[in-house]
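Asker: Here is how the chains run, residue by residue.
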Amino acid sequence: MWHIGGETLQSRLLVGTALYPSPEVMLKALQVSGTQVVTVSLRRQAPGARGGEQFWGMLRSLNVHLLPNTAGCRSVKEAVTTAHMARELFDTCWIKLEVIGDDLTLQPDPFALVETAKILIQDGFEVFPYTTEDFIVAQRLVEAGCSILMPWAAPIGTGKGLMNPYALKLLRSRFPQVQLIADAGIGLPSHAAQVMELGFDGVLLNSAIALADDPVTMAKAFALAVEAGACAYQAGPMPQRELAEPSTPVLGTPFWHQQPSQKQEVFS
Amino acid sequence: MRLLINGEPHQIQNASTLQQLLETLGYEPKSIAVAIDGCFVPRHQYGTFELSDQQALDVVAPMQGG
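Line by line, the protein sequences are chains D and L.
With our numbering as the guide, the letters of the first sequence map in order to residues 1 to 268.
With our numbering as the guide, the letters of the second sequence map in order to residues 1 to 66.
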């Protein structure tokens, strides 16, 4: 059990709703994942179209918390306006704040991100900022009032896993009170477990499940991996050593410290 | 009145407020959110928001996202 954005949750896996082969597969994968938070977005709706209403109906059937994003925003003004539209439409003050600074890497613009976060927090939002692993940017976001940070593991959609585990570990040690959620770049359940073993509070992913050959089975794998990683962190891993250390006690084992010369001394 | 709605030019008649426009175009207000010239317009202002020539509207609905 953990607490985030004023809610108490069981699952530490947050899952996106995009890229699934069909709405039915999406629904099944989300259910199997056990997630209690799903990310959603906004798009322009043509007059008379009803696509948004159908998706909205599916979301309601899941009975999960919605985390709208500001995907596609590239300026403070775009992100602020999108956040306000999302709050009204989804009836939540939660916002996954994305302010993209580069189209190829989809790397967040840290300057616009911090500025937008300040504005949205003043406007009453619970900001989930999608950021890099940079410690100083994280510090500025926390100073701006963020109690949640969502550093990337790797660029969105790459599935490369933890590119900079050192920096992610540093964030954990320097911000013990902040809720840390790894967002983007997770490709395998082992990546999710690794993040949780670092002491992160949660993992947010989409493509790794949606683009799997079997999204439903992969959703189960991620649910297990996140739980395993969280348990491992709670259990406290053993310290690493540079040299081997036998796990079987050597005292009393056959031939222990027995040299040929000893045998000769005994029988001489 | 000429309006840009989701990037497409429209010639609008018989609608002076945002609410009238949305009804004319067949939008269900509870299923959408609106920004005009990049600024959010809350739903409770639709009835009193007077439209002007050459404004740009973004009308959005829920969609899948990561």
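What the hints contain is simulated information worked out from the structure, not anything from laboratory work.
Glycine included, C-beta positions come from ideal geometry on N, C-alpha and C.
Don't take each hint at face value.
Once the Cα atoms are required to be at most 30 Å apart in a straight line, the calculated DSSO-like pairs of lysine-lysine come out as [to be verified]:
1. L:30 - D:77
2. D:118 - L:30
3. D:77 - D:28
4. D:263 - D:220
Examples of chain L residues toward chain D, derived with CB under 7 Å [said to hold, decoys possible]:
5. 41
6. 44
7. 47
8. 64
Asker: Hints first: check each against the structure and report whether it holds.
Answerer: Hint check:
1. L:30 - D:77: Roughly 24 Å between the alpha carbons, so the hint for residue 30 of chain L and residue 77 of chain D holds.
2. D:118 - L:30: 28 Å, holds
3. D:77 - D:28: 36 Å, violated
4. D:263 - D:220: 60 Å, violated
5. 41: 9 Å, violated
6. 44: Where the cut-off is 7 Å and the nearest Cβ of chain D is about 10 Å from residue 44 of chain L, the hint is violated.
7. 47: Violated - the Cβ of residue 47 of chain L stays beyond 7 Å from chain D, reaching only about 15 Å at its closest.
8. 64: It holds, given that the least Cβ distance between residue 64 of chain L and chain D is near 4 Å, below 7 Å.
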